[in-house]
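Student: Place chain B on chain A using the hints.
2 protein chains.
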Amino acid sequence: MYLETINNSKDLKYLSLEQLNILSAEVRKALLHKLSQHGGHSGPNLGMVEMTIALHYVFDSPKDKIVFDVSHQSYVHKMLTGRKDAFLNKAQYDDVSGFTNPLESEHDFFNIGHTSTSISLACGLAKARDLKGDHENIIAVIGDGSLSGGEAYEGLNNVVEQGSNMIVVINDNEMSIAENYGGYYRNLQELRRSKGKSENNLFKALGFDYYYVEDGHNVEAMVNIFRQVKDSHYPVVIHVHTIKGKGYHYAEKNKEKFHAGGPFDIETGEYLSNETKENYNDLTGKYLLKKMKDDSRVVAITSATPVAIGMNENNRKIAGQQFVDVGIAEEHAVAFASGIAKNGGKPVYGVFSTFIQRTYDQISQDLCINNNPAVLLVFWGSVFGMNDETHIGFFDIPLLSNIPNLTYLAPTNKEEYFAMLDYAIEQNDHSIAIKVPHMEVISKGVADTTNYKILRSKVVKKGQDIAIIAVGDFFFIGEQVIDLLKQHDIYGTLINPVFIHGLDIDLLDELKMSHSLVITLEDGIIEGGYGQKVASYYGPTNMKVKNYGLKKKFYDRYDPYELLLENRLDANLIVEDILTLIK
Amino acid sequence: MYLETINNSKDLKYLSLEQLNILSAEVRKALLHKLSQHGGHSGPNLGMVEMTIALHYVFDSPKDKIVFDVSHQSYVHKMLTGRKDAFLNKAQYDDVSGFTNPLESEHDFFNIGHTSTSISLACGLAKARDLKGDHENIIAVIGDGSLSGGEAYEGLNNVVEQGSNMIVVINDNEMSIAENYGGYYRNLQELRRSKGKSENNLFKALGFDYYYVEDGHNVEAMVNIFRQVKDSHYPVVIHVHTIKGKGYHYAEKNKEKFHAGGPFDIETGEYLSNETKENYNDLTGKYLLKKMKDDSRVVAITSATPVAIGMNENNRKIAGQQFVDVGIAEEHAVAFASGIAKNGGKPVYGVFSTFIQRTYDQISQDLCINNNPAVLLVFWGSVFGMNDETHIGFFDIPLLSNIPNLTYLAPTNKEEYFAMLDYAIEQNDHSIAIKVPHMEVISKGVADTTNYKILRSKVVKKGQDIAIIAVGDFFFIGEQVIDLLKQHDIYGTLINPVFIHGLDIDLLDELKMSHSLVITLEDGIIEGGYGQKVASYYGPTNMKVKNYGLKKKFYDRYDPYELLLENRLDANLIVEDILTLIK
Chain A
16 MYLETINNSK DLKYLSLEQL NILSAEVRKA LLHKLSQHGG HSGPNLGMVE MTIALHYVFD
76 SPKDKIVFDV SHQSYVHKML TGRKDAFLNK AQYDDVSGFT NPLESEHDFF NIGHTSTSIS
136 LACGLAKARD LKGDHENIIA VIGDGSLSGG EAYEGLNNVV EQGSNMIVVI NDNEMSIAEN
196 YGGYYRNLQE LRRSKGKSEN NLFKALGFDY YYVEDGHNVE AMVNIFRQVK DSHYPVVIHV
256 HTIKGKGYHY AEKNKEKFHA GGPFDIETGE YLSNETKENY NDLTGKYLLK KMKDDSRVVA
316 ITSATPVAIG MNENNRKIAG QQFVDVGIAE EHAVAFASGI AKNGGKPVYG VFSTFIQRTY
376 DQISQDLCIN NNPAVLLVFW GSVFGMNDET HIGFFDIPLL SNIPNLTYLA PTNKEEYFAM
436 LDYAIEQNDH SIAIKVPHME VISKGVADTT NYKILRSKVV KKGQDIAIIA VGDFFFIGEQ
496 VIDLLKQHDI YGTLINPVFI HGLDIDLLDE LKMSHSLVIT LEDGIIEGGY GQKVASYYGP
556 TNMKVKNYGL KKKFYDRYDP YELLLENRLD ANLIVEDILT LIK
Chain B
16 MYLETINNSK DLKYLSLEQL NILSAEVRKA LLHKLSQHGG HSGPNLGMVE MTIALHYVFD
76 SPKDKIVFDV SHQSYVHKML TGRKDAFLNK AQYDDVSGFT NPLESEHDFF NIGHTSTSIS
136 LACGLAKARD LKGDHENIIA VIGDGSLSGG EAYEGLNNVV EQGSNMIVVI NDNEMSIAEN
196 YGGYYRNLQE LRRSKGKSEN NLFKALGFDY YYVEDGHNVE AMVNIFRQVK DSHYPVVIHV
256 HTIKGKGYHY AEKNKEKFHA GGPFDIETGE YLSNETKENY NDLTGKYLLK KMKDDSRVVA
316 ITSATPVAIG MNENNRKIAG QQFVDVGIAE EHAVAFASGI AKNGGKPVYG VFSTFIQRTY
376 DQISQDLCIN NNPAVLLVFW GSVFGMNDET HIGFFDIPLL SNIPNLTYLA PTNKEEYFAM
436 LDYAIEQNDH SIAIKVPHME VISKGVADTT NYKILRSKVV KKGQDIAIIA VGDFFFIGEQ
496 VIDLLKQHDI YGTLINPVFI HGLDIDLLDE LKMSHSLVIT LEDGIIEGGY GQKVASYYGP
556 TNMKVKNYGL KKKFYDRYDP YELLLENRLD ANLIVEDILT LIK
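Taken in sequence, the protein lines are chains A and B. To convert, take the position in the first sequence, counting from 1, and add 15; that gives my numbering. To convert, take the position in the second sequence, counting from 1, and add 15; that gives my numbering.
Some hints could be false.
The list makes no distinction among identical chains, and a pair is therefore deemed to hold if it is satisfied within one copy or across any two copies.
Stated by the list, open to error - Below, a list of computed lysine to aspartate or glutamate pairs in the EDC-like style, where the Cα atoms sit at most 20 Å apart:
#: 1; residue 1: LYS429; residue 2: ASP297
#: 2; residue 1: LYS468; residue 2: GLU430
#: 3; residue 1: LYS245; residue 2: ASP224
#: 4; residue 1: LYS559; residue 2: GLU235
Calculated from the structure, these hints are not laboratory results.
For reference, chain A alone in the conformation it holds in the complex (with noise of 0.2 Å):
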């Protein structure tokens, strides 16, 4: 097995053009054990492994520099650099991590997990080369689906500006995690059927020199071009055909459903966790659907990952002009959104946590200044979210609560998030986002009939003494709280805030006449976040507060529940710290 004795880069250079077609054929049977046994992202892996290799064997890394976007697929990347034995024994997969991270390897310049940065990061590492007067090869590997965010245009026009060596390799695979929507889309489909020849090229355009390859899966072919631009003197585009999910039948015939997931059976090509549990994400769609249906101008809105509001290719189906997939394009969803509702849509964006941090400015600027009445869900923003660094979701807090004009609420069980969705899609009068829970569905059975026009913190259960103000999916924590202080002759307050923008001036004033100390809860960093309002609010008062929450940090594959109790958001840890407090 050539595989074996790659243990760095340098040594794929000895091995002749045959050899590296076995190695191939090697890379991808190793590639499809692991992502079968643990789980990944298979197709955009599947689909770069003769292109990796070629890259490794023409370019010297880490001297010339290779930039993955995303890195979803960097996995061929890190067999080749040193890392194989993470693919190879099951004993160290976890070794590790999804994304490119320069503390495992030299051959890795940037912890990467959003996408449509390479370019940018990119043109950075050549203009400091240009600068010391260096001479490597910068490389930029970006899939055709992060192509429609716009830092990656951004960096485009800058690259030729700059005007020096930078080699940006489109990984076109003719999908993004499900299909391409945009104008961009439709060249790149012209540049292919055309063989690269069409006279309408966005690359030329902006003045690159543009090569293009149609099967990115011959090494030779991926070799000689490489060679070819190699210490090219100036921005180059490599416009790569390339099939997800190469090689594996199941993931070529399927191509969202192989773009990432867990474990799979290999001969059926099934995952084999057929998770059904109830979840926010399915039940969305549910409601969004019905909703299409009894009123035309409600509209779904996705960026590129329509999972997150529950879209699934049949839904997207039924739903037809009034789902609009955006692309990667977070910015323009928002406004886009803006426009919707300005004109009398009803327009309702979904999207993860993580990514609603792409779009503070057009939260700020083209939504909540004009109040147009769009609104935003949030998904997975909690601990119980994704847990790469990259990925993290509980910013989201401190991110959009700080927004003038900006209504926030946080559902805490089912009921009362499409209560809220509800009131959110028929009001016209400003712009709502939702954190949508992230545990497990929570229902309460009893339809909820707030009226949330009047935006009113809700007194759970009336005690004295303590009361727990306890956001979201954590309200239940709160209730915990208050059951276990039973025990201690406590007769707590529980509170519900619902909206999580601002404060119930009346009620926290009225607490303070039975209350002497509030404790608060919320699914997020601490900093900047819900429980430091009400902290500043009785900060001139005799009313002691202590805010639970996560602190600001950037986590990297934790467990949501040892995260927990470090931060002592357990409910015997927190009544442990009231008894004190209280002493």
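Tutor: Chain B alone, transformed into the frame defined by chain A:
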């Protein structure tokens, strides 16, 4: 005078083409007259006279909907839609804002002040139109400068995908605020040179129907092209060549100077107020030039506002390759800086606070997760910065201080600022942002020799009972409070926090021994800011805390001194509060 008869854009329709020409001259004259007395965006508006008249002549606003990007070029539109008196009568000059605003007129669809948003906003209007089965024209007018922003590209992509009527008018005056940079501008240049005939055509590549107009100041040509595309069933780009500052000699000659500014002498083309007061922008430019000379790795970056870092035309020439204007592309700027830092360069990105909002995700993901030692300088992040609703600069603390791994420094005077800046450039440990003061330059006359590697808040005056923690350029209010308190026999402690992304816990603990009240002062909104972190820390203790700052809100054309008073940010009022609190 025809202009006086135009009370609404409908009144235009009765004029002949010849009369439209006369009207153009009248409009330009009126515009120049007001601009010379009142100030504003001269160049962009002088270049839009004929185009705007043609737009309102051909289309039926407000049924047909025109969205002006950034709206720095919407003055003529205002004159033609019922607001001419605000241009003709000095007493009414301030009846209109410098931006489109739905509160002013039904012909304005959005309050817009940040660039690159019009296409996406208009795309939303068009989507709602389609959902409702309506048939009006939707028009986005965008300058060449604004098209470098990623959001504009995301918009173009999606307009093509949407496929229905939308008319994108590109006002190509060959300038951003300063020169344009990037591959896209080379394409515009090629298209101008070839009169729209070059086969390299970004817009055709994206799938637009493309039209070129060589002389955007020919009313007839503009009327004809708009008539041709009116009611088009598919997306159209009209690329119009105009002259920035058209019709005013000095503005045509010196386009950057006349992009925007205060009142000027029409005869001489000189601004009336030639402010030469020392300011942090120019000082930064001087410092950076010197630093560049000493260290070839230092590179200053701007996103189309070189004035922010004191990089006027002359300084840009001196800096050479060590200055990069990335165009309006804040996201790229941050990722680019991260890449430069990673490869051993020393990037300093200077940006106005209102625009740092456009790059939250890049600061978090591209920069801070990677701990790359880039320097971000945030200018005009102050109540004394720009006071238009869309350009407010005091949301930076909640935005930046809650991003993990980012050090946010807040100097209180000139020497401290440059000591921090020098430290930030020289260190290799992490990403550092500096909240550059924005009131008059305060010099202590003594070099600051603090070692900022060890981050500690500074106790400037040691006292007891009451401690004032005064951030950055509000430090002077803290000094005043301390002084005033003496009259009441209170000798308080004055603290300069130095860093505002976290707390000096040791110091806060120490204060507990001999203080009962802590006051925080910051030049920014209270919500999510520095003071609330202090309040949260002391929440469970007996220490009282009162936070001073601005209430979260979009304030429009405010008087900074009134706003400070409204928020009790005044030494006398604060002392009043303190005396009440400690009674």
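Student: Work down the list of hints and note, for each, if the structure agrees.
Tutor: Cross-check of the supplied hints:
1. LYS429 x ASP297: Intra 12 Å, inter 56 Å, cutoff 20 Å: intra-copy only.
2. LYS468 x GLU430: Classified as within; 17 Å inside a copy, 51 Å across copies.
3. LYS245 x ASP224: Classified as within; 13 Å inside a copy, 37 Å across copies.
4. LYS559 x GLU235: For LYS559 and GLU235, neither the intra-copy (70 Å) nor the inter-copy (72 Å) Cα distance is at most 20 Å.
In summary, the structure is inconsistent with hint 4 from the numbered list given earlier, while agreeing with all the others.
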